[in-house]
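S.K.: Here are the chains, one letter per residue:
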Amino acid sequence: MNIYLKIFVREIKVSMKRWSDILTGVIMFVLVALIFPLTVGSDQMFLIKIIGPVMLLSALLASLISMQNIFKPDFLNGSLEQLTLSHHSLNGLVLMKILSYWATSSLPLVAVSVFIASTYYVTGTSLIAVVITVLLASTTLVNITALAAALTLSVRYPGALMTLILFPLSLPILIFGSKAIEYSIVGIDSSGPFYFLTGMMLLSFSLGPIATAFAIRISLD
Amino acid sequence: MNIYLKIFVREIKVSMKRWSDILTGVIMFVLVALIFPLTVGSDQMFLIKIIGPVMLLSALLASLISMQNIFKPDFLNGSLEQLTLSHHSLNGLVLMKILSYWATSSLPLVAVSVFIASTYYVTGTSLIAVVITVLLASTTLVNITALAAALTLSVRYPGALMTLILFPLSLPILIFGSKAIEYSIVGIDSSGPFYFLTGMMLLSFSLGPIATAFAIRISLD
Amino acid sequence: MNRNLLQVESLELYREDHLIFSDISFQIESGDHLVIRGQNGSGKTSLIRTICGLTQADKGKVLWNEASIDESLFNYYEQLSYLGHKNGLIPELTLDENLNYGLDQTDKDGKDQVINGFRLTDLKHSLIQNLSNGESRKTALSRVVSSKKPLWVLDEPYANLDSDSISYLNNCIGDHINTGGIVITSTNRDDSIATKTTELLIGS
Amino acid sequence: MNRNLLQVESLELYREDHLIFSDISFQIESGDHLVIRGQNGSGKTSLIRTICGLTQADKGKVLWNEASIDESLFNYYEQLSYLGHKNGLIPELTLDENLNYGLDQTDKDGKDQVINGFRLTDLKHSLIQNLSNGESRKTALSRVVSSKKPLWVLDEPYANLDSDSISYLNNCIGDHINTGGIVITSTNRDDSIATKTTELLIGS
Amino acid sequence: MNFKRIYKYGSPPNYFRLCLKYENWFTVPGFLLIIIGCYGGLFLAPPDYQMGDAFRIIYFHVPSAYLSMSAYAYMALAALVGIVWRSNVAFSVAKSIAPFGASFTFLALVTGMLWGKPMWGTAWVWDARLTSEFILLLLYLGYMLLHASIREQKKADRAASVLAIVGVINLPIIHYSVVWWNTLHQASTISKLSSPSIAGEMLWPLLVMIFGYGFFFWGVICRAGATELLKREKRSNWVKEYVEEHQS
Amino acid sequence: MLPRHRRFLGICLVLLTVGLASFFILKSFQDNLLYYLTPSEVIAGKAPEDREFRIGGLVVTGSFFRQTGSLTSQFVLTDGSASIEVSYKGILPDLFREGQGIIARGKFNSANLFIASEVLAKHDENYMPPEIHAMETSLE
Ligand code: HEM
Ligand SMILES: Nc1ncnc2c1ncn2[C@@H]1O[C@H](COP(=O)(O)OP(=O)(O)OP(=O)(O)O)[C@@H](O)[C@H]1O
Ligand SMILES: Nc1ncnc2c1ncn2[C@@H]1O[C@H](COP(=O)(O)OP(=O)(O)OP(=O)(O)O)[C@@H](O)[C@H]1O
Ligand SMILES: [Mg+2]
Ligand SMILES: [Mg+2]
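For the record, the sequence lines run as chains A, B, C, D, E and F.
Just so we're aligned, residue 1 is where the first sequence starts under the numbering used here, counting upward by one.
Just so we're aligned, residue 1 is where the second sequence starts under the numbering used here, counting upward by one.
Just so we're aligned, residue 1 is where the third sequence starts under the numbering used here, counting upward by one.
Just so we're aligned, residue 1 is where the fourth sequence starts under the numbering used here, counting upward by one.
Just so we're aligned, residue 1 is where the fifth sequence starts under the numbering used here, counting upward by one.
Just so we're aligned, residue 1 is where the sixth sequence starts under the numbering used here, counting upward by one.
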């Protein structure tokens with residue numbers, strides 16, 4: 001079996017044992033989405049207005065919470081050292097790890113977003129727009145969060161970097177994601193935000209793992 | 001020096017070194033609070049409508065994120081064992097730990113909430129109501145989160161369980177907190193929710209640490 | 001020090017249907033050093049944790065001065081100092097802070113003497129996370145040695161220590177039992193331990 | 001196996017203005033077993049991590065078959081199997097899964113033989129988190145021994161092992177260097193190690 | 001209180017024997033009562049002056065709702081006993097109640113929603129009664145998940161029990177929610193003991209159903225608890241003897 | 001202080017706080033934690049301005065009317081002492097009839113008419129066959 005595939009399978013297996021983290025993301029998503037109708041009331045106009053930010057926010061939180069642990073346990077038990085010392089491309093291995101996290105934490109979110117969106121009275125093509133937005137955004141966020149996690153691994157590179165990385169990098173995603181949803185619900189041409197999201201997604205997948213792998217090497221020194 | 005005071009000071013010191021966690025909580029708070037005006041626009045009516053849930057949601061997430069690690073590192077490096085094996089009241093020691101977390105993670109939130117509330121056009125007595133609500137709610141949430149963290153200590157990836165346990169226990173706080181803010185902004189008599197929040201705060205402080213200490217003992221078995 | 005007595009009566013422990021040990025009984029009193037000897041996986045750690053009340057045994061009990069420890073946990077813990085495989089030190093604090101902010105009474109002179117004995121004095125203000133493996137182990141041992149508690153329970157204290165540190169630790173243990181303390185240690189080697197000891201062999 | 005050569009040239013490392021070691025040079029080749037001996041805190045772990053390229057030295061370099069490892073990291077890592085103080089095992093997976101999903105080529109028979117040698121066969125399907133200290137250490141050692149890589153770098157492999165396991169490990173090391181492998185281990189005791197060794201004393 | 005007796009009847013073999021012996025004393029009457037109650041409720045009881053036949057959902061909604069709450073109380077009580085006396089019996093009872101409690105909570109929610117849609121005009125609002133009942137479901141789920149995710153049996157029992165006990169605070173909230181708050185959900189009909197505000201011929205099938213559910217529940221718990229106990233005590237002599245007896 | 005004393009003190013402290021907590025929580029229930037307001041509370045000025053809120057009350061017998069072919073209905077809600085006129089456009093729940101308790105969500109327009117955006121029927125706790133109901137109402 002190809003080594004990258006093997007690592008991917010291993011990580012999926014581990015994630016399955018860590019199913020609790022996956023579930024957290026989903027619960028987080030549901031919690032954030034529920035709290036508004038619960039406290040403000042389920043006025044349709046209102047709900048449609050806030051669904052954009054609610055979806056994006058949930059996606060961010062879910063990925064933050066379920067990805068916090070992407071490297072830390074491996075760092076503590078020493079298997080990150082082993083990963084670094086292998087003769088395979090660390091970038092590739094990191095990419096596999098990220099992909100497996102994406103598969104086990106983002107994909108469920110996308111599925112759940114369908115239900116949430118329907119309780120927010122979103123239907124038809126707008127629903128599809130919501131799903132695609134969540135997919136694109138959460139994929140990007142997975143990469144950004146992985147980078148932030150790697151940078152904050154070592155104690156000598158603490159939270160400041162997390163702020164510098166996560167906050168400014170995810171804000172555009174949140175804003176354009178919300179816009180994408182809003183436009184498609186309201187019926188304005190939403191291709192602009194979608195192009196942006198797709199671009200960011202590709203960018204994050206190409207540069208994210210490299211930066212993350214580098215950050216891991218630094219934190220092991 | 002009194003042993004409880006000593007532990008309190010120690011924990012504050014440690015939190016200061018782990019300031020990245022504190023910062024994350026604050027950033028989370030700001031992020032959640034800013035995303036709505038940034039994406040939906042700063043229509044005053046709308047903002048005033050959602051400030052309640054936004055504040056409470058932020059407080060919950062911030063305490064979830066910054067408290068996830070209240071016991072875990074100590075569990076892994078063995079200092080929780082030492083805490084349990086001391087001849088001082090474990091309840092008291094746990095209370096001190098919770099208090100120190102409260103001081104370093106909730107108090108900053110309260111400070112930040114003032115600024116957030118002003119960007120939401122809340123002023124005067126309503127502003128005070130917001131601050132008090134955030135204070136009461138986050139204090140209660142600190143205790144609930146600590147219990148959830150302790151119960152899930154021996155679970156390696158406790159995120160989901162923690163959220164699942166946290167959700168039902170914190171839902172009343174979220175609902176009544178939002179109501180308290182809503183009522184005082186709209187101008188209805190808000191003493192009811194405030195009484196409730198105060199009561200829950202006291203209850204959580206008196207019973208929370210006991211249950212938490214017990215849960216810690218269990219997870220060390 | 002008062003005379004103390006630790007009795008262990010027919011302890012038995014299962015983990016997920018797997019018998020770790022059964023029918024373990026012994027009795028030690030002030031001046032004794034008990035060495036629990038056994039191969040890897042023979043159940044030394046599990047036994048030690050049970051003796052400290054961290055793990056609930058499935059059968060049998062542990063008595064401290066003739067009272068079951070479950071019933072007088074506070075009294076027991078007032079007399080017990082434990083060191084497991086994990087050091088129980090906070091990595092973000094310095095060596096000194098870790099000892100000072102510990103849970104036991106601190107006696108500055110005694111502590112400094114122990115730190116000196118383990119040759120850690122230069123590292124007093126280093127963060128634990130920067131110490132070497134053996135150095136952090138010795139810090140944790142210093143905590144026990146300077147705790148002034150009569151009962152020391154040490155799980156594999158010798159692993160990772162260099163020979164000077166081992167002999168200093170042996171001195172400390174010797175002093176302790178000579179002044180009426182009780183020491184329990186575990187080991188998986190056949191190496192000889194300096195002080196007069198009782199042995200408990202576990203595992204096949 | 002080809003003949004291999006590891007050269008270390010005047011390495012020097014500082015940590016926060018504190019000199020850990022300086023001017024360390026040696027050269028070992030196929031068939032050598034280098035034991036790095038030193039007291040606690042003498043810099044064994046730091047040296048080993050530098051040799052493995054995990055830590056950047058402040059001066060000097062490490063050459064593998066006459067090429068600086070910084071320049072041919074992949075070639076180097078293709079030949080290197082390392083075990084630090086931490087075991088590098090995933091606690092949620094079983095012993096077997098950890099070995100199978102490791103990063104090295106797996107050879108089922110060889111692996112089973114090593115597991116058997118360390119007497120871990122019964123624990124093959126236990127989760128790592130349930131193993132005892134020594135058992136997980138032995139699992140990590142099995143990973144190295146069955147890796148088929150020429151260069152083994154082991155940081156204090158003997159600590160926490162019982163005597164049977166130590167002698168099995170010594171057998172493995174002996175076999176390895178007899179078939180042209182290179183082994184580097186560290187220790188802080190004066191205990192004698194079975195195979196013919198070169199020694200490097202570090203620290204004062 | 002005479003603890004000796006508790007110890008005697010609370011000892012695993014005794015409890016196990018009692019369970020097997022009395023299981024049918026619960027299941028059979030429970031079954032009969034449910035059949036009678038169904039017949040009475042669906043055919044004999046007159047339609048309501050306002051709701052017409054739709055009101056008959058009451059015969060399923062109310063018993064499940066009551067049972068969802070009382071089952072939680074029993075579970076928490078068993079959890080408490082388990083923690084205080086380290087009783088394996090109590091822990092196995094607590095553990096076996098959880099899934100049934102959760103199912104009845106789910107049933108109460110579903111029947112309530114089915115009923116609410118035509119009657120109130122909505123299947124769901126976030127009023128105090130409905131929300132707190134929803135929280136009850138989450139508490140059951142939390143208990144089960146926590147138990148499932150800790151591998152060590154003893155540890156899992158005790159940790160999950162803490163959660164169960166903490167969650168008890170939700171029970172009075174559910175019950176008094178209709179008094180404390182102005183809820184959309186109606187106030188008490190039959191649980192105000194002085195004078196139930198329901199006509200006699202409508203009431204009796206309801207009572208029969210409530211008792212039927214209760215009996216049936218206990219029958220099921222007898223069986224589930226005993227099985228659980230057998231699993232836990234499989235190392236003890238009495239189980240070995242029992243198994244030998246039943247194999248030959 | 002002996003451990004025993006400390007423990008006693010601890011227990012007292014906990015009990016005290018729990019007592020205080022119960023006081024606050026019970027007190028909160030006496031205040032308004034309402035899902036809805038009654039018409040008299042609304043008239044007394046407890047309702048928010050410019051904002052949706054809920055009113056609960058009985059539909060006054062004879063007050064209901066609907067234009068034919070329209071979904072808009074109008075009726076009066078009362079709690080016995082005060083009453084409020086409500087207008088609602090939409091399908092009413094099955095249980096909606098005169099004399100029935102309902103909850104309406106909406107806000108006042110400039111003409112002081114309560115424009116409801118949602119109407120829910122609140123069933124009371126009485127269950128009886130129609131005959132008995134007829135008897136009881138005739139007795140009154
Ligand atoms: C999802 C919706 C609903 C939920 C979650 C729910 C929940 C409950 C619960 C938990 C109880 C037990 C209360 C106690 O023992 O104190 C209860 C009782 C009851 N419910 Fe519901 N319910 C719902 C909808 C309805 C509807 C639509 C009706 C009728 C219109 C209804 C009628 C009743 C009645 C008559 C009782 C018995 C009251 C008593 O005498 O205590 N419920 N419900
Ligand atoms: N939670 C558990 N579940 C299953 N088996 C366990 C569990 N904990 C320990 N064991 C098993 O119990 C045995 C004894 O473990 P223990 O840690 O007490 O050994 P030890 O004598 O301290 O060994 P070492 O010298 O390696 O530290 C081991 O075989 C281990 O696999
Ligand atoms: N990041 C760091 N900052 C400051 N000092 C450090 C750092 N890392 C290591 N040291 C110091 O360097 C010295 C050597 O550490 P090292 O871990 O290499 O020792 P070692 O020989 O492996 O000891 P042991 O036998 O205890 O494992 C120690 O005194 C340690 O305190
Ligand atoms: Mg051990
Ligand atoms: Mg070392």
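Quick caveat, the hints were computed from the structure, so don't treat them as lab data.
Using N, Cα and C, we set each Cβ at its ideal position, and we do this for glycine too.
One or more hints might be untrue.
Here are the computed lysine-lysine pairs in the BS3-like style, where the Cα-Cα straight-line distance is at most 25 Å [what the hints assert, rightly or not]:
| id | chain 1 | residue 1 | chain 2 | residue 2 |
| --- | --- | --- | --- | --- |
| 1 | E | 234 | E | 154 |
| 2 | C | 108 | B | 6 |
| 3 | F | 27 | E | 117 |
Not close to chain E: a few residues of chain B, all C-beta gaps over 10 Å, as computed [unchecked claim]:
| id | residue |
| --- | --- |
| 4 | 22 |
| 5 | 26 |
| 6 | 78 |
| 7 | 152 |
| 8 | 167 |
| 9 | 214 |
S.K.: Against each hint, give a clear statement of whether it holds in the structure.
M.R.: Now the hints, each set against the structure:
1. E/234 - E/154: holds, 14 Å
2. C/108 - B/6: Holds. Residue 108 of chain C to residue 6 of chain B sits at ~16 Å (cutoff 25 Å).
3. F/27 - E/117: Roughly 34 Å separates the two Cα atoms, so the pair is violated.
4. 22: holds, 27 Å
5. 26: For residue 26 of chain B, whose nearest Cβ neighbour in chain E is about 29 Å away, the distance exceeds 10 Å, so it holds.
6. 78: holds, 18 Å
7. 152: Per Cβ check, residue 152 of chain B is inside 10 Å of chain E; nearest 7 Å; violated.
8. 167: Given a closest Cβ separation of 6 Å, the condition is violated.
9. 214: violated, 6 Å
Violated hints for the displayed structure, listed by number in ascending order: 3, 7, 8 and 9.
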